[in-house]
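Dock chain B with the ligands against chain A, hints included.
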Amino acid sequence: MKRRSFIAGTAAVGGAGCGRGEGPAPGYRVLTENEIRTLDAWCEALIPADDAPGASWAKVPRYIDIQLTRKFRRLLPRYREALAAMERWLAAAGVEGMAARLELMEQGKAPRELFADGGKDAFEMVLAHTLQGFYGSPRHGGNRDYVSWVLLGVAPVPVRGREQAETGKN
Amino acid sequence: MRLPEVDAVIIGAGAAGPIVAKELAFAGWRTVLLERGEWNTAADCRKDDLRNQRTSILGHPFGPEDEGNPRVVVERDGRLRVVEPSAGGYHNNAACVGGGTLSYGAMAWRFHPHDFRMRTEYGTKVPAAFADSTLEDWPIGYDDLEPYYEQAEWEIGVSGDDSTNPFRGERKRALPMPPLPPTREHEILWRGALRAGLHPFHIPMLRNSVPYGGRPGCMRCRWCVGFACEVDAKCGTQNTVLPRALGTGNLTLRTGCQAQEVTMGPGGTATGVRYFDANGERQEQPARVVVVSASAIESARLLLNSKSNLFPRGLGNRHDWVGRNLQGHTYTGAYGLFADDVYDDLGPGASVAICDYNHGNAGMAGGAMLANEFIRLPIQAAGIRPPGVPRWGKGHKDYFRTNYRRLVAVQGPTQEAPTFGMRVEVDAEVKDKFGIPVARLSGLKHPHTIEVGNLMAEKAEGWLRASGAETTWKKGAGQGISGGQHQAGTCRMGRDAKTSVVDENLRIHETENVYVVDGSVHVTNGGFNPVLTIMALAFRAGRHIAGAHRVRG
Ligand SMILES: Cc1cc2nc3c(=O)[nH]c(=O)nc-3n(C[C@H](O)[C@H](O)[C@H](O)COP(=O)(O)OP(=O)(O)OC[C@H]3O[C@@H](n4cnc5c(N)ncnc54)[C@H](O)[C@@H]3O)c2cc1C
Ligand code: SF4
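Each protein sequence line maps, in turn, to chains A and B. Just so we're aligned, residue 18 is where the first sequence starts under our numbering, counting upward by one. Just so we're aligned, residue 2 is where the second sequence starts under our numbering, counting upward by one.
Just so you know, the hints here were simulated from the structure itself, not pulled from any lab data. Hints are supplied without guarantee of correctness; some may be wrong.
Computed spacing ranges between beta-carbons, pair by pair [as the list claims (entries may be wrong)]:
| hint | chain 1 | residue 1 | chain 2 | residue 2 | range |
| --- | --- | --- | --- | --- | --- |
| 1 | A | Arg-87 | B | Glu-430 | 24 to 32 Å |
| 2 | A | Glu-50 | B | Asp-341 | 43 to 51 Å |
| 3 | A | Arg-95 | B | Asp-341 | 38 to 46 Å |
| 4 | B | Glu-285 | A | Pro-94 | 41 to 49 Å |
| 5 | A | Ala-117 | B | Arg-216 | 55 to 63 Å |
| 6 | A | Ala-117 | B | Gly-477 | 30 to 38 Å |
| 7 | A | Thr-86 | B | Glu-282 | 29 to 37 Å |
If we take Cβ atoms under 8 Å as the criterion, some of the chain B residues that face chain A in the derived model are [as the list claims (entries may be wrong)]:
| hint | residue |
| --- | --- |
| 8 | Asp-50 |
| 9 | Ile-58 |
| 10 | Trp-393 |
Coverage of chain B stretches by chain A, computed from C-beta distances (three or more under 8 Å per stretch; other residues unrestricted) [as the list claims (entries may be wrong)]:
| hint | stretch |
| --- | --- |
| 11 | 379 to 387 |
| 12 | 400 to 411 |
Source: prediction; values computed, not measured. Beta carbons: idealized from backbone N, C-alpha and C, even for Gly.
Extracted from the complex, chain A is given alone in its bound form (with noise of 0.2 Å):
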């Protein structure tokens, strides 16, 4: 047993390691306030507005919230985790900042005392579920109006005759 790393194994889901005793963000499930806004600042930050709406206007952090509930549940801990590093290390610049500590992360240069392997991990992680909140279907909270299939010019039309299935609430 000792060579296994179970990722499917059961892990704790939900209030495990929020430590403040905060309940979450109004709107959101599981972040609270804090983790929202630290959350919002580091998705802004990899899909930035410009003439166009980026990550915090497509409810990109609404989409990883509320996979922190459902498929993503195991990662809470690790979600949790991060951005309290951050946080601590915004703390003086502000989430202004933001950008340059990325750059830092993804070559994995952050401060190993806030992040044990220099930040990579929590990059990545993090890039990904933006990604997908910001492309994905609008249906799991994020990409909303299809914001980004605008900006891409692909036209949000569902198969014809099921605009109501596609759309309707998950």
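Using the frame of chain A, we list chain B with the ligands on its own:
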């Protein structure tokens, strides 16, 4: 519970099982078809880009369920990892009536005649491909399968036109349906191929281009591969042979039923199948003939879990060949960016191919068919970028919004040199929800496969350049366990019981009445997607079984 005996019990209602069922039911056999999944339809599946049988980030609609169906994967560093079905590394196909054919892309390839005799073609010319590999000739050839390829094309339904492909085996009869009208991308690549001296043609597809078999033609949506079809224009086993077989009254389909083992009497005669039914209760279905069609990984697992006096290490495994030679395809290719939009939003996407590089590459054993790809939805394209373009930030956004509609991908399934070490075993500890030991996957690709794959990427890039792409870049071959949705090879067909699992009629050596009919029996997997070959083998096996065993009354 011990149920009344039937003539045949078939395990797995994927590409192969329903075809055998249809042949037997039409021959008057009382047949039971066991399928662990459900009979899904398009109504059970939204066009969800994050949750489908191809991109399963948030799960997949056509099974198996994430809970209770693990596999074990041995990593390159020897670590063991338990994976759930929707995770990468599980090598999932599907668990539903129709199996992979409910949601597949539906390319309908006949293998090339050389694909059946790789040793004869390359044994002396390319010795590097044979060192430490199990590359071999099949015991049957293209000509043996030709009539059954035709039967699959007409009974299940194939559109396309390969008359401009000089690199193919002889076909006696044209395809029953014409190809879909070309997309903009198709026309660009077609002209580019001609400019480069290549031989483009319309990909044969198990998809109605016009009404056929009582179902309508394709309405060309954006969401094909990985999804079920709203209008039932994709031709799978679930909407063709299976309803016809059920119509005879001789076939009983039982869904939600997971086979545990083939039960053996004394010696080489199977008595039936033990399974868990939809209520989780144990059942025993006695039968005079047993057919295993659970796909390459699950069929091997089932045989290894079926131990008897004659076969203490698993059914058909007296010489340690069950589960060996697991193979799939090594996909490589290239991407190209064009000066203008090439995307016209007409599905399914893949349409034009060349077979110029399947064989005859200097110093290489085999190659691949190259084709354009099914439509890449935004999330599927979000990670594709030329070297130097950032993965995130403004640089990513600017690049992607400019180029999403200008991107073309050409790729192909490189034929692999199978190895004894790439294999399926059953794990000693991890069990599924019924307590049945699960499949454990391990192995490394043969180095020659990587070389061929990388050559195919160069060829794909050349085609894109000739077609006018301004920026091109390659996607080279990756290492790691093979199998995936094209999994094959784990119950090799051969004449010698010491070096194969089934004979040329797909009967397990040293048994009287157990057959394996699915991709497992492929000796090699061709440089093509495998399903039409699996279907042709199933028609051939079905006909053989119906003739070889007499039914009472
Ligand atoms: C998204 C996708 C796209 C694809 N595109 C193409 C393509 O374009 N061209 C092509 O050639 N191929 C394609 N394929 C691959 C093709 O679908 C497979 O090669 C084919 O379905 C394999 O047939 P099979 O009969 O071996 O197995 P499957 O079709 O996988 O069927 C096996 C069946 O057995 C059932 N089963 C397994 N174990 C048990 C058990 N113990 N008890 C009861 N039932 C069991 C499974 O639930 C399954 O339904 C694609 C597959 C997918 C998923
Ligand atoms: S592209 Fe055609 S065959 Fe494929 S799902 Fe859409 S309508 Fe059906």
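A quick look at each hint next to the structure:
In this structure, Arg-87 (chain A) and Glu-430 (chain B) meet the distance hint of 24 to 32 Å, their C-beta atoms being roughly 28 Å apart. For Glu-50 (chain A) paired with Asp-341 (chain B), a C-beta distance near 47 Å keeps the hint of 43 to 51 Å intact. At roughly 43 Å, the beta-carbon separation of Arg-95 (chain A) and Asp-341 (chain B) lies within the given 38 to 46 Å, and the hint holds. The beta-carbon spacing between Glu-285 (chain B) and Pro-94 (chain A), approximately 45 Å, falls within the hinted interval of 41 to 49 Å.
For the pair Ala-117 (chain A) and Arg-216 (chain B), the beta carbons lie near 57 Å from each other, so the given range of 55 to 63 Å is met. Ala-117 (chain A) and Gly-477 (chain B) have their C-beta atoms about 33 Å apart, which keeps the hinted 30 to 38 Å range intact. Distance hint for Thr-86 (chain A) and Glu-282 (chain B): a CB-CB separation of about 34 Å, consistent with the stated range 29 to 37 Å. Hint on Asp-50 (chain B) holds. Least Cβ distance to chain A is approximately 5 Å, under the 8 Å limit.
For Ile-58 (chain B), the suggested interface contact is upheld, since its CB lies about 6 Å from the closest CB of chain A, less than 8 Å. Annotation: interface hint on Trp-393 (chain B) holds; nearest CB of chain A at approximately 4 Å, less than 8 Å. Check on the stretch 379 to 387 of chain B: 4 of its residues sit with their Cβ under 8 Å from a Cβ of chain A, so the three-residue criterion for coverage holds. Interface restraint, the stretch 400 to 411 of chain B with chain A: holds (4 residues with C-beta to C-beta distance below 8 Å; minimum three).
No hint from the list above goes unmet by this structure.
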